[in-house]
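Q: Take these sequences, add in the hints, and give me the full structure.
Residues in the sequence shown are numbered from 755 upward in steps of one, following the numbering used here.
Warning: the hint list may mix true and false statements.
[Unchecked claim] Calculated cross-link-like contacts (lysine to aspartate or glutamate; reagent style EDC-like; alpha-carbon spacing at most 20 Å):
# : residue 1 : residue 2
1 : Lys-1132  : Glu-1096
2 : Lys-1075  : Asp-1127
3 : Lys-839   : Glu-815
4 : Lys-1075  : Glu-972
5 : Lys-870   : Glu-815
6 : Lys-898   : Glu-865
7 : Lys-1124  : Asp-1154
8 : Lys-816   : Asp-783
Derived by calculation from the structure, the hints in this document are not laboratory data.
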Amino acid sequence: MADDLPIEREAELAPAQALLAQIRPAWADRSLIERVTRLMPVDPSSACQRLLNAAIHDLREKIVIAGLDIAKQAAEIHKLPPVSKPEDIENYSNDKIMDLAYRMGLLTRAEWRKLKRCYDIRRDLEHEDDEYEAGLEDCVYIFKTCIEAVLSRDPVQLLRVTDVKDAIEQDRPQFPEQQFLDDYANAPEPRQREIMLFLVSSALDTEKPDVVRVNALEMIKHLAGATRTPVRIAAAADLQGRVGRAVPTLAVMKVAHAAGAMAYLKQATRNDFFSGLLGRLREVGHGWSNYERHPPPLEELEDVGGLTQCQSDEVATEILKWLVLCYVGTPGGLTRYGHVREVFYSDRAAPIIRRIIEGSGSRELGILKKLRDDRDVKKVLSFKAAVATRYEDLLDLAGDV
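A: Here it is, written out as structure tokens:
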């Protein structure tokens, strides 16, 4: 390339130069920005190569910081060169280091593909001749990818299972701080899977103290929003393996719901649980005089996410019918304390039912509307306007407009 480039070319490269400001201080302190800035006006090809070399070097350091255990696992699963010590990472080719970083979760698939493309461009630049020189699009693409995907990001200090173990074994309820949640969210998939399966096991281990099991379940709830879908599926597979062909316990279903893994359990497994719960509700009875026995089964229904998790329309309809009959109650009268009540209903059940209905979906709303024509429901609603009004309240809670 010529030693001197026109001013117009320097102006064209301004977007690439602006990206340099995003490089984190650790690399700025190594004079990377200064060297690249000096090369940009006279030799854009060398500037691009220098930046890509820095990105690859940064990935090597980040892999070691993230953990050789994760690197080893990712290498074994994806048939990459074996990793057991830091020197193995140094011996990785540039191409393979990008693959390993991607498989460890340090790069997204899109970022990995873009870096691969940068490497292809670099090979072209290394063998350029009079017929090829770095174009604006080459420089901006390499600068943008290397800086945004690698050089602008701090290394990830991975959350370890021992960190989680220490947290849930405290003798009081634990609520993870934001940094803890961020570390989990940034953890690669293999580490998230390790942590989630450990928490699932701890929450279901009857030999552990109650406070540890409760802390494990609460931790699962807090981490669920940042849990990757493959990890949810792995948690569901673990839970399904514990259940086998049996009816799942409440503990298993609570953990599945907390982890966001309920949808990945077998349909038959979920239906068996809700069918059993329906049987308990019928055994208790929806009459208001049974109010003391109402909370336990209703709280169990609430703890597993309500009826949105029940796949069987038939079972969901029967449970909703029970909830309606329990909530609307029967015509009131004079209480034994001399008070007049328009409607007799279960005070203990009503607030729980309201929360369950409020958290339901469009399917449940549709079923609720159809129950208006159910023989038993229609009969109760015809007794008194105040009873029918309570049914309308349920429709409003379910989102009817």
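Q: Name the hints, by number, that the structure is in violation of.
A: Those not satisfied come down to hint 4.
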